[in-house]
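Protein chains in written order, with the numbering used here: chain C, 69 to 540; chain V, 69 to 540; chain W, 69 to 540; chain U, 69 to 540.
Warning: the hint list may mix true and false statements.
One copy or two, it doesn't matter: identical chains are merged, so the pair holds either way.
What the hints assert, rightly or not - With a straight-line cut-off of 25 Å between C-alpha atoms, the simulated BS3-like cross-links for lysine-lysine are:
no. : residue 1 : residue 2
1   : 308       : 485
2   : 308       : 371
3   : 308       : 278
4   : 278       : 485
5   : 192       : 371
6   : 485       : 412
7   : 232       : 371
8   : 192       : 232
9   : 371       : 319
10  : 278       : 192
11  : 192       : 532
12  : 485       : 232
13  : 412       : 278
In short, the hints are calculated from the structure, not lab data.
4 protein chains.
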Amino acid sequence: MTTTLITGGTVVNSTGRVLADVLIDGEQIAAILPPGSVLLGTDLSASVDQVIDATGKYVIPGGIDAHTHMEMPFGGTFASDTFETGTTAAAWGGTTTIVDFAVQYAGEDPLTQYEAWHAKAAGKCAIDYGFHQILSDVQPASLQAMDELVAEGVTSFKLFMAYKNVLLSEDGQILTAMQKAADNGALIMMHAENGSWIDTVVQQLVADGKTDPLYHGISRPWQAEEEATHRAIMLADYTKAPLYVVHVSAKQAVAQIAAARDNGQNVFGETCPQYLYLTLEDQLGAPGFEGAKWVCSTPLRSKAEGHQDHMWQALRTNDLQLVSTDHCPFCMNQKQMGLGDFSKIPNGIGSVEHRVDLLYQGVVTGQISLERWVELIAVTPARMFGMYGTKGVLAPGADADVVVYDPNGHTSIGLGKTHHMNMDYSAWEGFEIDGHVDTVLSRGSVVVDGGQFLGRAGHGRFVKRDLSQYLV
Amino acid sequence: MTTTLITGGTVVNSTGRVLADVLIDGEQIAAILPPGSVLLGTDLSASVDQVIDATGKYVIPGGIDAHTHMEMPFGGTFASDTFETGTTAAAWGGTTTIVDFAVQYAGEDPLTQYEAWHAKAAGKCAIDYGFHQILSDVQPASLQAMDELVAEGVTSFKLFMAYKNVLLSEDGQILTAMQKAADNGALIMMHAENGSWIDTVVQQLVADGKTDPLYHGISRPWQAEEEATHRAIMLADYTKAPLYVVHVSAKQAVAQIAAARDNGQNVFGETCPQYLYLTLEDQLGAPGFEGAKWVCSTPLRSKAEGHQDHMWQALRTNDLQLVSTDHCPFCMNQKQMGLGDFSKIPNGIGSVEHRVDLLYQGVVTGQISLERWVELIAVTPARMFGMYGTKGVLAPGADADVVVYDPNGHTSIGLGKTHHMNMDYSAWEGFEIDGHVDTVLSRGSVVVDGGQFLGRAGHGRFVKRDLSQYLV
Amino acid sequence: MTTTLITGGTVVNSTGRVLADVLIDGEQIAAILPPGSVLLGTDLSASVDQVIDATGKYVIPGGIDAHTHMEMPFGGTFASDTFETGTTAAAWGGTTTIVDFAVQYAGEDPLTQYEAWHAKAAGKCAIDYGFHQILSDVQPASLQAMDELVAEGVTSFKLFMAYKNVLLSEDGQILTAMQKAADNGALIMMHAENGSWIDTVVQQLVADGKTDPLYHGISRPWQAEEEATHRAIMLADYTKAPLYVVHVSAKQAVAQIAAARDNGQNVFGETCPQYLYLTLEDQLGAPGFEGAKWVCSTPLRSKAEGHQDHMWQALRTNDLQLVSTDHCPFCMNQKQMGLGDFSKIPNGIGSVEHRVDLLYQGVVTGQISLERWVELIAVTPARMFGMYGTKGVLAPGADADVVVYDPNGHTSIGLGKTHHMNMDYSAWEGFEIDGHVDTVLSRGSVVVDGGQFLGRAGHGRFVKRDLSQYLV
Amino acid sequence: MTTTLITGGTVVNSTGRVLADVLIDGEQIAAILPPGSVLLGTDLSASVDQVIDATGKYVIPGGIDAHTHMEMPFGGTFASDTFETGTTAAAWGGTTTIVDFAVQYAGEDPLTQYEAWHAKAAGKCAIDYGFHQILSDVQPASLQAMDELVAEGVTSFKLFMAYKNVLLSEDGQILTAMQKAADNGALIMMHAENGSWIDTVVQQLVADGKTDPLYHGISRPWQAEEEATHRAIMLADYTKAPLYVVHVSAKQAVAQIAAARDNGQNVFGETCPQYLYLTLEDQLGAPGFEGAKWVCSTPLRSKAEGHQDHMWQALRTNDLQLVSTDHCPFCMNQKQMGLGDFSKIPNGIGSVEHRVDLLYQGVVTGQISLERWVELIAVTPARMFGMYGTKGVLAPGADADVVVYDPNGHTSIGLGKTHHMNMDYSAWEGFEIDGHVDTVLSRGSVVVDGGQFLGRAGHGRFVKRDLSQYLV
């Protein structure tokens, strides 16, 4: 068991910051000490195996990305990051836990699929990982599986209001899953877009020869997101289930979430870095087929409609509670399946490596406070998904997942620079960050330091999660 | 310098809880240690001067009551608690810091008054104390004083929209104070009731022979609070000043605050225990003159109108951010100034001793989580009023203001029981709490333990506050 | 050609009232004259064939009931009023025009069905009638039919968000119908309840042995109406189609409509007498199977939830624009199909005879003004559905559909009293109205007078309607 | 007594239009006849004294301008139109009734002032006129006067939330006036701007050398209007008084009014042509002192803030109910009192002549329907201010105030063109209208026809008004 002391840094949590040393004993945090680590005359720094000097830097709980899709099968291909490449890239970027999605497509058995996902991930991950379970076309067997999975530490279930015959659940099916969640305490995650609406517009656009990537965005208007968000909220109101809306991108959807929250409902929302920085006009509308790089759903929203500023505001006002990536990368040869028909472009953007940095840039530009940054990327994800205490906090007994972040460092994002995801392009090419992930520890082991990856596939363990600790 | 170890307890902060020991060295927290306090083979528990066993109990940062009025002159008399009696009672109840109000009445000089309040408090307080400054009838000198007082650690200024010729500032005066606050970073606190409206209704009621204490409540309808709250919010929107609305009691006022917050404004609200538990019908409407005990402003609200549940909800949804007491006690012989004319009853309720307990009962009944309790009574008050790091947190370097709270204890509130405030009645007579303040430390000194008050007048020091740490 | 003079009455329209005589020449209004009918020295009263003395009474345009279902096939039976019995009852109650629904069930051809409905009504109606077209499971042929039907004077199309496989259209299908309406100017009418949600709850209740009529109401919660209303509004916002929500009963659905209207959308709502007077507790919850009398959808709402007062308020504020009956009567032997399973009870209440009276009672009780009464029952229905000028107004050239209403008369509703509908019970048994329909003219013919029905089947003609005249 | 027949026109009211002839007998409408005026074989056209051919034109009730200030004393000068010049100009523009304001400044006696205004107007007016009474600094005598004035036919009272020491009433004073209005049925009209706020900003701007006309607008931000509007609404909610907000210009104020109306309150709002067409940037911000032409309060609003489109929308949605002018003209030599200090520029714009035309242009551009135009300029003003039946409608017994409006005509506004107001400039110079006021009758007399003014000072009579007929 290695002992480590991180000295001289500023420990930041969601309510404030303090100059303190962090003592790690084996895989866990042992203590938060005064700078200098002298306690009652005992100089603990002399006794440790290794000292990490964090002077002038921030010491924060490792990032938790609660929304990733490694190796996800989609439209005849697979997301290009394996659990190994994806978690390695995550570690590079200061993320020490992911919560990925085990997928039960329509017609499949949930528990069988759950096991299949375990098999994929086992022994591959560089950092710790948990699972949400995707349930499609909710059936009685699905409801039974929900109880069993909660016992397994899978306490959140994602449903889809889009993708008919593949992932979609009818409203009545959603209702039954929500009733189960209200009963067993699980959290319902919702892909809130009106699938029937969108499918119809897609058909019309394609029939009309409007096949460029831009039309992916056009086919999924904000109204279709707002509508589904409202519908999910009403179903949650009726069933008393807690609801977590994934990848919120429309300001009107935020307004629905805010209203539900003011009304006392346990309704939450996540946004993603792409909705904070990228737009329909600038990225999806890029010349030729280049826009395909940024085809994801919900889509990038129109700059002219003013969604982006509102997303940042919602992060400040806590109308949105956290930022995940919805990491679902595809290479350009995969994206090219949709040449001539935007609806065949695999949906997804790869960001798992850059989330911590991209959000930190919001601290630099004054969009969010330093404390809110930590809350958004680590504390709330841990609480929301039942890991707090073990993850998301620097306190005795917690896993020693720690990031030393240098506000005087610099990070240039892009291929040939920071890029470690298994993608042949970067959706974030050219982004510059006024800060740097210096050192990353996962359960006490240094996995990134000095520009080197020091971790290994298989270090990461499955995280059995409790029920959400964020409910009121 | 005494060293103290609090062992075996559950340390609770606003995001979660952890089993940990707390080491105190002199006046400050030294470290948060693993249970057992063995670090790298060193058993720290052997080296300390005293050990406090908190097994099975909660260890939390000392309560901060951000709204008290010790010895406040009002209507020809004075609030009955001195800084000594009031802070002693506070300590008994687990509150280790108060922020009182230095009062500049219309026509007085702010800085002179500020000095006068320092003189009253100096050497008298059992626990630490800070000051907000009340500014009445804002004048150019007031604006100048704001800059000087911020430099002195008085970073919040309370204005009144009621009490003409005594405390009220006109809207244009409020505007100038807000402009100054937007400039120097101070926080504007607002008594938000429409004074002209209320004064007129009071006159009508008294002329009509409606003079019982109940009519105090009737004379201050929710509309007069909602209106003033909205007005203050609009002035804050225009000036870009942060705004903190005190003693919110009407659900419609909460709705105004919630809307402003969803809109991205730095607008905050506090409520008080009386609005969570007491009502117009049950208390103010008590037979004869007994209702006088609960005459305070904003008034107790009507049960029939449904405000109370909404106050609890707003605490859950963070539409209200903290709970203070507005402690302003008067004895019954003082209250009797208003026999035959409710408008002459000194306004105020004494609660400084019971806030921590009364809010804990909300944890017992499931209204709020344990973490939210700590946030409401200590963490957010510290952040809101620029003390976090020193106060409001258990972390190395913070003041060792600590409460050991026993969830298996019991507290019966009332005269001859827990009552230590200088009042001849208790507004909370008969309230039973399923928990107990066992031990209280103020800057490392045990001031309450084993049912004994072990502190002393003069232990408490003035807290120089920073600007609010809660702004977005 | 008969000439008729209605003398001495108070002519009421939606903006005011005037003492005036009404001259009818043949089937049309000829002129609005001064009381006494002397013009430039010519006494017109001497020249007419008949004089109707309306002294002390109101003279108003005949009622227009824009939502009836005569002989509608439903759940294996038919609504019990034929076009003959139903329109005769309507005439008795002061209604001179109905707009019924031609029904295309899923799988049927719209135009064929439209013709079938014409065949049913032809030669049977005692008063004039128009058709809306119901489109189920919208198909390309439906869209084509919409253009043809608009040309035929059928300018409104009703869609269903409930009743899967029978009437329901998917959201994408609704979208296409709305696009067509936005293009050709038709009005989309919507049955706004979430069918998938309701079907699931119905199954759960029945499985649980909760089969009494009360559970019909329980199975269709306000959330399922509010949700569908919001969804329809968003689809209308996207397509720019005008939207008319039928039989609104939930106050939260009204709030959605009000918000859309404040936002400038052409969104309208109708309520029905049952939602203004009857409740879940008092009627649906009647002992045994009696509640079946009041099984209709949307259902009677809970008194405790406070919908009813809000419906009246919405009529005052114009958040709802008109009152129709949704007349769809079934006899008790038909209702008994649902003994032991509320979901098999034919849905519908018969009110076509009483709407004018029931609304007038709202004038008596002060809920609405006299002018608003006329607006709700005649003027707005005419404008909304493209008949104004011919119907809904007393002006030269308009059809002489006129009601003489006596505010000093009295009407006792119920079997053996006023009841002329083909039902063996009255949903309104025991209601007393402080007013009376004295005389009714349809296109210049007296069809009701002196307590006698003087009309005949076949007098009524099909009304070819223009596009809505109510759009902004 | 002259008899007149207006033939061949389209009579338009607020719900629709009809081809009809209008027969006038003396000062009143006698009948609405079929085109051709043949009734039961009698050709009435042969018997009349004069025939006005309105073929192809609209025949509408004469315009009612419910907000004018003839000869109003303001800031040491007087509005430049006398009752004679102002009402003559009004007639030219199709307005046949004005409601002017009798002014009681602070310290004056209301009834004395009321008599003084009668004296000013008597024998001078070319068209009929009524009075609202302005009450400043409401006193007990004011409340008594309210009862007496209602009996005199002055049923609306205007209060000010701005202009301290001159016109302003404190909130408590407003409260008492509203209580009186709730009691006697009068309508409270409100100038809703926060005077204390604005006065402070004015002082700051002037002290800062920002003295150009543009700063008049800057000194009166939308927040100060929204705030006062909300405050007035809350006072009205508490007192149950009906409330009419004058010259609404901020979209946020409209939102407050809309919310109150959706909530069932009798709250109304008027806007003015200037807020529909002119802006802060384009007019107030004109180079040099030219912006002074458009100094009025509330001020022209910022184009960038997007108020103007919302005003049109609010006219469509009935969130605003009518359009008045707030006609208060000053010549440039009067405006020049404010050279070097915008706060000394007399406030007011002259529009009484152009309102009917300017609103008609909204019909041309599709902003409002033809029927809504008539409603906004004549029907609703009549109903709102208790004149309907006599004014605002073409029906037997109504005053024969009639305008023949030619949609194929054209009107060029400006000096040397249509201008008849006593002003040396036109605020509307260069506006082109695709329509024309051809003929105007006031109580049966042709006052404008063939481009000639045929009326006379003294023809106009005082209109004793009833209580508002628009309340729900």
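Here is what the structure says about each hint:
With identical chains, the CA atoms of residue 308 and residue 485 are never at most 25 Å apart, being 47 Å at best within one copy and 41 Å at best between copies. In this assembly of identical chains, residue 308 and residue 371 lie within 25 Å of each other by CA distance solely across copies; the values are 22 Å between and 35 Å within a copy. For the homomeric pair residue 308 and residue 278, the shortest alpha-carbon distance between copies (21 Å) is at most 25 Å, but the shortest distance inside one copy (42 Å) is not. For the identical chains of this complex, residue 278 and residue 485 are neighbours neither inside a copy (36 Å) nor across copies (53 Å), given an alpha-carbon limit of 25 Å.
With identical chains, the CA atoms of residue 192 and residue 371 are never at most 25 Å apart, being 40 Å at best within one copy and 59 Å at best between copies. In this assembly of identical chains, the alpha carbons of residue 485 and residue 412 never lie at most 25 Å apart, being 30 Å within a copy and 65 Å across copies at closest. In this assembly of identical chains, the alpha carbons of residue 232 and residue 371 never lie at most 25 Å apart, being 29 Å within a copy and 39 Å across copies at closest. When the C-alpha separation of residue 192 and residue 232 is checked against a cutoff of 25 Å, the pair qualifies neither within a copy, at 32 Å, nor between copies, at 46 Å.
Both within a single protomer and between protomers do residue 371 and residue 319 lie at most 25 Å apart by alpha-carbon distance, with minima of 12 Å and 23 Å respectively. Taking the shortest Cα distances, residue 278 and residue 192 never come within 25 Å of each other, neither inside one copy (42 Å) nor across copies (52 Å). Proximity of residue 192 to residue 532 under the C-alpha cut-off of 25 Å is restricted to the intra-copy arrangement: shortest distance 17 Å within a copy versus 53 Å between copies. Taking identical chains as interchangeable, the C-alpha atoms of residue 485 and residue 232 are never at most 25 Å apart, the minima being 40 Å within one chain and 55 Å between chains.
Proximity of residue 412 and residue 278 under a CA criterion of 25 Å is satisfied intra-copy only: 13 Å inside one chain copy versus 47 Å between copies.
Checked against the numbered hints listed earlier, the structure breaks hints 1, 4, 5, 6, 7, 8, 10, 12; every other hint is satisfied.
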